[in-house]
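**Student:** Sequence:
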Amino acid sequence: MNTTHSNHASHHHGPQGHAHRLEPVVDPVCGMRVDPADAAATAEHEGHSYSFCSQRCAAKFRSSPSTYAGPSRLGASHPRERSNVAGGHETSGVHRPARADVEGGYVCPMHPEVRQPGPGACPKCGMALEVAVQAPPKTAVEYTCPMHPEIVRPEPGSCPICGMALEPREVALDEANPELIDMQRRFVVSTALTVPLFVLAMADMIPGRPLTELVPPAALPWVQLVLATPVVLWGGAPFFERAWASVRNRSLNMFTLIGLGTGVAYVFSLVATLAPGLLPAAFRGHHGTAEVYFEAAAVITTLVLLGQVLELRARSRTGAALRALLGLAPKTARRVRDGREEDVPIDEVQPGDVLRVRPGEKVPVDGRVLEGASAVDESMITGEPVPVEKEAGSPLTAGTINGTGGLLMRAERVGKDTLLSQIVRMVGEAQRTRAPIQRLADLVAAYFVPAVLVVAAGTFVAWAALGPEPRLAYALVNAVAVLIIACPCALGLATPMAIMVGTGRGATVGVLVKSAEALETMEKVDVLVVDKTGTLTEGKPRVDTVLPGASLGELELLRFAASLEVGSEHPLAAAIVSAAAERGVNVEKASGFASLTGRGVEGDVGGRKVALGNERLLRERGWDPGELLARVEGLRGDGQTVVYVVVDGVVEGAVGVIDPVKPTSAEAVRELKREGVRVVMLTGDGRTNAEAVAKRVGIDEVHADVLPDGKEEVVRSLRDAGHVVAMAGDGVNDAPALARADVGVAMGTGTDVAIESAGMTLVKGDLNGLLRARRLSRVTMRTIRQNLFLAFVYNVLGVPIAAGALYPFFHVLLSPMLAAAAMSLSSVSVIVNSLRLRRARI
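Residue numbers for the sequence shown, in this note's numbering: 1 to 842.
Hints may contain errors.
Okay, derived cross-link-like pairs now, DSS-like style, lysine-lysine, Cα gap no bigger than 25 Å in a straight line [as the list claims (entries may be wrong)]: (1) Lys362 / Lys416; (2) Lys673 / Lys764; (3) Lys695 / Lys764; (4) Lys524 / Lys764; (5) Lys673 / Lys524; (6) Lys589 / Lys609; (7) Lys416 / Lys331; (8) Lys695 / Lys673; (9) Lys764 / Lys540; (10) Lys540 / Lys362; (11) Lys362 / Lys331; (12) Lys540 / Lys695.
Derived CB-CB ranges, DEER-like [claimed, not checked]: (13) Asp38 / Pro117: 24 to 30 Å; (14) Pro330 / Ala192: 43 to 49 Å; (15) Arg250 / Gly710: 39 to 45 Å; (16) Val267 / Gly710: 57 to 63 Å; (17) Ala451 / Val832: 25 to 31 Å; (18) Glu582 / Asp604: 23 to 29 Å; (19) Gly120 / Asp604: 55 to 61 Å; (20) Glu469 / Leu806: 15 to 21 Å; (21) Val832 / Asp638: 53 to 59 Å; (22) Pro196 / Val267: 19 to 25 Å; (23) Pro330 / Arg636: 33 to 39 Å.
No wet-lab data here; the hints were simulated from the structure.
Where is the CB? At the ideal position from N, CA and C, for every residue including glycine.
Can you make the complete structure from the sequences, with help from the hints?
**Tutor:** What follows is the structure, given as structure tokens:
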């Protein structure tokens with residue numbers, strides 16, 4: 001059988017062996033039947049050939065072949081082909097769609113609400129109905145571990161290596177986090193049950209023992225059992241699952257300790273409640289009941305749930321950065337075809353389509369201007385506040401904002417190929433390379449867990465073989481004491497408690513910490529990469545210099561310039577008008593205003609011809625700046641953007657506009673250098689302006705004219721060279737570099753995307769906050785190390801005592817009750833030590 005056409009255009013032979021013509025096949029894009037011999041276009045994909053009814057369908061297929069190719073799109077198995085075969089013989093219309101059973105039916109192009117199963121005319125406007133194009137099927141969502149990207153699963157779950165919740169590889173705008181919702185529900189229910197359980201467990205310690213009459217001592221264990229069981233078995237179910245997975249996969253982690261500690265405490269208490277006779281009399285209270293540790297198991301479970309909620313919320317903010325980026329792209333585009341304009345979903349735009357971008361709209365896809373002229377705000381890409389003039393042939397980028405002129409453009413890159421989508425992908429990939437701050441505790445746990453198991457097993461064996469009667473009971477109780485005192489409650493609190501208090505302290509001094517790993521890493525930073533506009537500078541142009549010529553004074557020159565620009569929305573124009581208002585200059589509206597794309601503007605002011613523009617405009621008109629040229633070069637050397645003022649064909653002066661350097665930038669750079677931090681400027685602005693700003697603030701290393709992917713590449717190369725890199729920026733164009741850096745630092749005055757992508761945000765938007773962030777990191781990490789020491793010192797001292805090391809000499813045993821008290825004491829010490837951060841000097 002010849003299978004050249006995989007959409008089943010196969011040769012077949014009659015009884016005499018004569019070859020018949022090829023059977024009609026299904027166009028995999030629109031569903032029409034096509035005679036392969038008359039196909040408008042063909043395409044190859046994965047060894048198969050496909051035929052199409054039109055070049056448009058072929059273009060759609062080539063742009064995303066995996067969307068349309070597949071068994072369901074081929075041959076007689078496709079429902080559209082079956083609908084074209086009636087009674088075993090073919091229909092004659094090769095390019096006609098099926099009359100019925102077409103997926104989506106037929107729809108009116110002008111009234112999309114009019115839809116019917118077969119062809120016909122629209123009852124509203126009379127236009128012929130068209131086949132409703134079906135949306136491409138959603139790509140299957142894949143989930144991966146942020147710590148181990150090699151782990152990929154088709155559904156949510158936990159990582160078999162570290163136990164972290166898996167997250168989607170691709171972020172959607174309306175995506176919810178089912179793991180966070182589930183953990184929040186478990187935490188709320190567990191907290192409601194744990195609080196009364198803890199109060200009941202402490203009943204004997206309350207003066208006057210008021211709860212004794214309410215709950216008799218004999219019934220107390222049973223009440224605690226009822227309260228603790230849902231918390232441990234339902235609230236802690238995910239932890240037991242992850243603990244079992246860690247054992248099954250031979251990758252012990254924190255969840256191994258959590259499952260072991262809470263499980264042993266609960267099971268021991270269950271035995272003590274249901275069968276207290278199995279335990280020695282020495283471990284029974286004055287009421288004849290054994291001590292139970294339901295509250296320990298429940299409290300541990302609830303605290304661990306709180307930690308999971310906090311972690312998942314932080315990771316949701318990471319996803320929010322990507323969703324904010326995706327939200328910059330418009331949802332529809334205005335397509336121009338056959339003299340008709342229509343708004344279509346952005347997913348339907350193909351390379352080569354002609355699109356109209358009206359004033360104030362976002363550019364839908366990457367492409368080039370065909371007709372029209374306008375100024376486009378590209379600050380999301382370049383970070384620069386000054387819009388870029390666009391004319392025929394100029395490139396356009398998806399998500400940028402058109403100014404006051406209309407544009408006709410041709411689409412070149414759509415979907416995942418646009419620069420905006422590439423930024424989203426880079427941010428996502430960079431964020432998944434980060435390690436959580438718990439890695440030290442997990443590393444210790446990898447050795448600590450086997451050690452505790454060995455000690456507990458050794459304790460049981462030793463007491464069962466050598467202990468006094470009843471040996472097995474003593475063996476069980478001491479082994480349980482070892483496991484309870486080794487419970488990871490304090491270990492689990494050591495890091496998150498310090499982080500919570502430290503981040504709260506940071507907020508009081510204007511440092512918002514978005515991720516714990518950023519706070520951990522900041523103290524190790526040895527290279528700081530800073531954006532220029534909005535980070536070192538204000539990001540708001542203002543007039544710095546007015547250079548009058550021989551004929552006009554400074555105020556008169558400013559009056560002509562402001563009068564011509566008063567109706568413009570251009571940031572340079574706004575700066576000139578604002579400067580005139582500040583100096584009390586009376587401004588009149590110009591007549592005959594005209595915008596000269598890429599050169600300037602002109603019009604009539606008070607009966608005189610006035611023009612504002614750059615050197616290109618002067619060259620075109622033959623206007624000589626004379627001795628003014630040398631003075632203008634000096635302004636450019638200071639980083640100013642210069643606009644010439646021409647009155648009645650004579651260059652009368654120039655206006656210098658500058659983005660002012662923040663007053664604190666130079667001081668902060670000096671202090672960072674004093675601390676041994678190498679400071680690098682990274683900007684999309686031109687080299688002349690960049691070097692002028694760098695000179696003012698004391699930065700020696702400058703990378704200018706850098707686009708977002710270039711910024712990310714510079715940060716990557718610095719990290720590859722072994723440096724710990726912090727990136728400070730404020731724009732969408734900085735997002736990939738912020739995510740790629742070891743620590744991303746956003747200015748609070750910047751864009752939401754930059755703030756969401758960064759691990760830290762400086763509320764006041766100046767680099768002095770970076771110095772405070774470094775001090776905060778140092779004091780917080782010192783507290784975390786102290787907490788880890790406090791968490792383990794009780795285990796190091798308590799585990800041997802719980803195992804019975806003192807019994808041969810002093811006949812002293814550490815009962816499970818005292819083990820639980822020691823465990824609680826270690827947790828209290830960690831909490832108290834962490835609270836000291838509230839008074840730390842930052």
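**Student:** The structure should be examined with respect to each hint, and the outcome stated for every one.
**Tutor:** Status of the hints after comparison with the structure:
With a CA separation close to 17 Å, the supplied pair Lys362 and Lys416 stays within the 25 Å bound. For the suggested pair Lys673 and Lys764, the alpha carbons sit about 21 Å apart, so the restraint of at most 25 Å is met. Among the hinted pairs, Lys695 with Lys764 is consistent with the structure: their alpha-carbon atoms are about 23 Å apart, no more than 25 Å. For a cut-off of 25 Å, the pair hint linking Lys524 to Lys764 stands: about 23 Å separates their Cα positions.
Taken as a hint, the Lys673 and Lys524 pair is honoured in the structure, with Cα atoms around 14 Å apart against an allowance of 25 Å. Restraint check for Lys589 and Lys609: satisfied, since their Cα atoms lie roughly 13 Å apart, inside the 25 Å limit. For the given pair, Lys416 sits about 14 Å from Lys331 by alpha-carbon distance, which is consistent with the 25 Å threshold. Annotation: proposed proximity of Lys695 to Lys673 holds, straight-line Cα distance about 15 Å (limit 25 Å).
Between the alpha carbons of Lys764 and Lys540 the distance comes to roughly 16 Å, so the proposed pair stays at or under 25 Å and holds. Restraint check for Lys540 and Lys362: satisfied, since their Cα atoms lie roughly 22 Å apart, inside the 25 Å limit. Restraint check: the Cα-Cα separation between Lys362 and Lys331 comes to about 10 Å, which is no more than 25 Å; the hinted pair holds. Using a Cα cut-off of 25 Å, the hinted pair Lys540 and Lys695 holds, with the two alpha carbons roughly 20 Å apart.
At roughly 27 Å, the beta carbons of Asp38 and Pro117 sit within the given window of 24 to 30 Å. With their beta carbons about 45 Å apart, Pro330 and Ala192 fall inside the hinted range of 43 to 49 Å. As the Cβ distance of Arg250 to Gly710 is approximately 44 Å, the hint placing it in 39 to 45 Å holds. The hinted window of 57 to 63 Å between Val267 and Gly710 holds, with their beta carbons roughly 59 Å apart.
Remark: the range hint 25 to 31 Å for Ala451 to Val832 is upheld by a beta-carbon distance near 27 Å. In this structure the supplied range 23 to 29 Å holds for Glu582 paired with Asp604, their Cβ-Cβ distance being about 25 Å. For the hinted restraint 55 to 61 Å between Gly120 and Asp604, the CB-CB distance of approximately 59 Å keeps it satisfied. Checking the proposed 15 to 21 Å range against Glu469 and Leu806 shows it holds: the Cβ atoms sit about 20 Å from each other.
A beta carbon spacing of about 55 Å between Val832 and Asp638 agrees with the range 53 to 59 Å that was offered as a hint. In this structure the supplied range 19 to 25 Å holds for Pro196 paired with Val267, their Cβ-Cβ distance being about 22 Å. Taking 33 to 39 Å as the suggested C-beta distance range, the pair Pro330 and Arg636 conforms, at roughly 37 Å.
Consistency note: the structure conflicts with none of the earlier hints.
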